[in-house]
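Heads up: the sequence lines are chains F and A, in that order. Going by my numbering, the first residue of the first sequence is number 1, and it counts up by one from there. Going by my numbering, the first residue of the second sequence is number 380, and it counts up by one from there.
These are computed hints drawn from the structure, not numbers from a lab. Just to be clear, a hint being listed does not mean it is correct.
[Said to hold, decoys possible] List of simulated lysine-lysine pairs, DSSO-like, C-alpha gap at most 27 angstroms:
#	chain 1	residue 1	chain 2	residue 2
1	A	Lys700	F	Lys64
2	F	Lys89	A	Lys460
3	A	Lys576	F	Lys89
4	A	Lys700	F	Lys164
5	F	Lys164	F	Lys64
[Unchecked claim] Only part of the chain A face toward chain F is listed, based on derived beta-carbon distances under 7 angstroms:
#	residue
6	Pro565
7	Ala679
8	Ala688
9	Gly704
10	Ala705
Idealized CB from N, CA, C, for every residue including glycine.
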Amino acid sequence: MAIDLQQRIRAFLAGGSDNFAELALEVFAFQCANNPIYRAYCERQPAPVRSWKAIPAVPTSAFKDFPIACFPLPEAVAEFHTSGTTREKAGKHYFKTLELYEAAIRPNFEQHLLVGPASPSTLLGTLSLSKGRLSIVDTGVTEVDRRDACPTSLPVLALTPSPKEAPHSSLAHMLGVVGGSDCEFFVEQDTLLLERLTHRLCEMQWANQPVLLLGTAFAFVHLFDHLGNTRFELPEGSRAMETGGFKGRSRAVTKPELYQLFTRQLGIPAHRIVNEYGMTELSTQFYDATLRHGSPTDHKDVPPWSRILIMDPRTGQESPLGERGLIRVFDLANLWSSQCIQTEDLGIAHADGTFEVLGRVANAEVRGCSLNAESFRKE
Amino acid sequence: MNTTEIQAAIARPGVFPQRTPHAIADALVQTARLWLAADSPWRARAIAAASEPTGFSAAMVNEAVTLTFEALAQATFGDCKFSGEPPHRITHILSGNVPAPSIASICRGLLLHAVNLVKSSQRDPVFPALFVESLREVDPDLAECVTVLHWPRSETNLTRAALAGANTVIVYGDDDSVASVRALTPPRARFFGYGHKISFAIVGEAALAFHQSSTGGRGSRRAEDSLSPATGSGGASPTNLGDLPTLAAWDASVYDQQGCMSPHVFFVGNDAREFAAALAEAMENYQQRIPRGTLSIEEAARAAVVREAYEFRSANDPRVKIWTGAPPYPWTVIYEEDPVFTPSCLNRTIFVKPISTLDSMQAWAGKISTVGIAPWNDQSRNSVSHWAERVCPIGQMQRPPMFG
Numbered sequence: 001m002a003i004d005l006q007q008r009i010r011a012f013l014a015g016g017s018d019n020f021a022e023l024a025l026e027v028f029a030f031q032c033a034n035n036p037i038y039r040a041y042c043e044r045q046p047a048p049v050r051s052w053k054a055i056p057a058v059p060t061s062a063f064k065d066f067p068i069a070c071f072p073l074p075e076a077v078a079e080f081h082t083s084g085t086t087r088e089k090a091g092k093h094y095f096k097t098l099e100l101y102e103a104a105i106r107p108n109f110e111q112h113l114l115v116g117p118a119s120p121s122t123l124l125g126t127l128s129l130s131k132g133r134l135s136i137v138d139t140g141v142t143e144v145d146r147r148d149a150c151p152t153s154l155p156v157l158a159l160t161p162s163p164k165e166a167p168h169s170s171l172a173h174m175l176g177v178v179g180g181s182d183c184e185f186f187v188e189q190d191t192l193l194l195e196r197l198t199h200r201l202c203e204m205q206w207a208n209q210p211v212l213l214l215g216t217a218f219a220f221v222h223l224f225d226h227l228g229n230t231r232f233e234l235p236e237g238s239r240a241m242e243t244g245g246f247k248g249r250s251r252a253v254t255k256p257e258l259y260q261l262f263t264r265q266l267g268i269p270a271h272r273i274v275n276e277y278g279m280t281e282l283s284t285q286f287y288d289a290t291l292r293h294g295s296p297t298d299h300k301d302v303p304p305w306s307r308i309l310i311m312d313p314r315t316g317q318e319s320p321l322g323e324r325g326l327i328r329v330f331d332l333a334n335l336w337s338s339q340c341i342q343t344e345d346l347g348i349a350h351a352d353g354t355f356e357v358l359g360r361v362a363n364a365e366v367r368g369c370s371l372n373a374e375s376f377r378k379e
Numbered sequence: 380m381n382t383t384e385i386q387a388a389i390a391r392p393g394v395f396p397q398r399t400p401h402a403i404a405d406a407l408v409q410t411a412r413l414w415l416a417a418d419s420p421w422r423a424r425a426i427a428a429a430s431e432p433t434g435f436s437a438a439m440v441n442e443a444v445t446l447t448f449e450a451l452a453q454a455t456f457g458d459c460k461f462s463g464e465p466p467h468r469i470t471h472i473l474s475g476n477v478p479a480p481s482i483a484s485i486c487r488g489l490l491l492h493a494v495n496l497v498k499s500s501q502r503d504p505v506f507p508a509l510f511v512e513s514l515r516e517v518d519p520d521l522a523e524c525v526t527v528l529h530w531p532r533s534e535t536n537l538t539r540a541a542l543a544g545a546n547t548v549i550v551y552g553d554d555d556s557v558a559s560v561r562a563l564t565p566p567r568a569r570f571f572g573y574g575h576k577i578s579f580a581i582v583g584e585a586a587l588a589f590h591q592s593s594t595g596g597r598g599s600r601r602a603e604d605s606l607s608p609a610t611g612s613g614g615a616s617p618t619n620l621g622d623l624p625t626l627a628a629w630d631a632s633v634y635d636q637q638g639c640m641s642p643h644v645f646f647v648g649n650d651a652r653e654f655a656a657a658l659a660e661a662m663e664n665y666q667q668r669i670p671r672g673t674l675s676i677e678e679a680a681r682a683a684v685v686r687e688a689y690e691f692r693s694a695n696d697p698r699v700k701i702w703t704g705a706p707p708y709p710w711t712v713i714y715e716e717d718p719v720f721t722p723s724c725l726n727r728t729i730f731v732k733p734i735s736t737l738d739s740m741q742a743w744a745g746k747i748s749t750v751g752i753a754p755w756n757d758q759s760r761n762s763v764s765h766w767a768e769r770v771c772p773i774g775q776m777q778r779p780p781m782f783g
């Protein structure tokens, strides 16, 4: 059953058509049967599951307390950890195989970072012209056929550690998959190598070589603080993917401020910057449709093998379109862990099938004069 | 609102009227009685106006009126003292939606013969202004000494103007807001900042006995010595909780747990789980009488994240159990064997934990407002008095003295 399911999902990820609703219910049956922790939770739910929307969600916090896995843990080939703080345990996501995880990364990344209707000639031209020097991705840990690898002609500069340096970071692994063997990583021993990165940006500018920059928002803020009055004009076609929040890592800036800094300091316009929404507990990432549309947008696409539900925290029911609520993610590529994850992020679903991420619940305003959990963490 | 208006309010030439402290206290008590009278129009106006900005249900606003003005009517005015130079002109920056501290601050200013400029909070623009209006009915000259205004926190030029004319500044709020007002306060003015605090409660002979032994106390007394006639909350044996759960639910539910005297955790000596079950029933009973207010999506989401995390844990961990009211989940009781203090997401989410140590409270030193205890006696009180500004019986946590 597991192998059949894995193959079906694999084909779905590769662009095949399938029935999400039916597949989700099969995965639900599989995960209930093979994860006693999840089964115990499902058995407490008041109503039987008849449609995919009723599948019980695993809260992200559960990854800190229990193994959320449908296989014996010694069989895990990889485990990714959330960034736990000193007061909190880290959550762990165990993988029996990275096949679905890596397969979910590639097409989605390509569709959102390696397209550019604003000036298609730049990138597509580069892609065809430069075939001779295309690099073949070597993910190091992959089980995926090399022919599936995602080629890119753009040099990839990642403001993260390499997968080798940070074997438990899902972000580092993901960037390793998309960036390939040519990808350069600029974090070593927890330090952003600012001089080396600046030097590299300089070289790229002089060589008139467009680049793809990948990193967390706070790493980019560090870079911009370091650059100060130094300005780059990276060649047309250069683009950036930023992800994640700022929690305790650097000064916090808003998304418009951050994007202005990209434009001012690096010469990358807002219509070539893409925000990625991903988390350790998932296998699939979600990207702003900015490059696909050729204009900046906060709306994120949902790939066919996943679904987003916005849940009204007051009723526990799905929120109407356009209303704020907690983001619940369905991700079939999470076959061996949990396909349905309840996040701690607020979001809005739109009629066109996209959704917006509004931020962590923890950062929301509180009433009253009592100290609460969040102000304690802040200290 | 502009700086001229604010400057006029704080620098008004009005001389404080000739009043003895006794006459001022008398006027304040009379005003409190206007609010407590049967069919009081002031109460009705507060209920009509305050529900929306405070987020409290009408029944909770009604309860807030009773609590605030009973405290004022019964206040010991001699407790309101001030050392050093008299505060001729006070600027009060209020915060939050719990009215009692705001009303107390205004009363304190008047008792000290000061002219007062009050910046009400966004969450409660109603009570301070209505209170001054009701005072005007009793003593118009005294009411002239208070001006209540509201402007957004972001208008720092207005705040600066309000602070510039004062010789004393009193600020309530989270640490960040207190610090930001302090930075705007002229150096010659005296500054009093009251940051946010937390509270908790300890239940049962065994809990208090444990604590006494762990802090070198003299051990517990027999249960019958400790019955408290005032609250009936003593003798908390697991088989005879009496009305203790009801009193505890009251402490945890009033002001939807948003006051700094609202408990986050009940530490329980014996049979904490049983206490939690009884508390859950009492929380539901209180909800039936005085419903929790409507939460914003953010607040509801915060509570949902906590609730769902513990629901998942409780399915797989016998050391955790959770009780909630039906959607919109107006209350949540979480029993957790882990004895470490866990700050609540508030809005009637309360933790019950067995007590094995209060070490986790060390991290909160200086930030603890109130510790509620049962049973209540001299010995139990002394055993925890070093933890908090105030120690009181469970059931009295939300009834602090007006000028304590």
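Taking the hints in turn, this is what the structure says about them:
no.	hint	result
1	A/Lys700 to F/Lys64	18 angstroms, holds
2	F/Lys89 to A/Lys460	48 angstroms, violated
3	A/Lys576 to F/Lys89	26 angstroms, holds
4	A/Lys700 to F/Lys164	41 angstroms, violated
5	F/Lys164 to F/Lys64	23 angstroms, holds
6	Pro565	26 angstroms, violated
7	Ala679	4 angstroms, holds
8	Ala688	4 angstroms, holds
9	Gly704	12 angstroms, violated
10	Ala705	10 angstroms, violated
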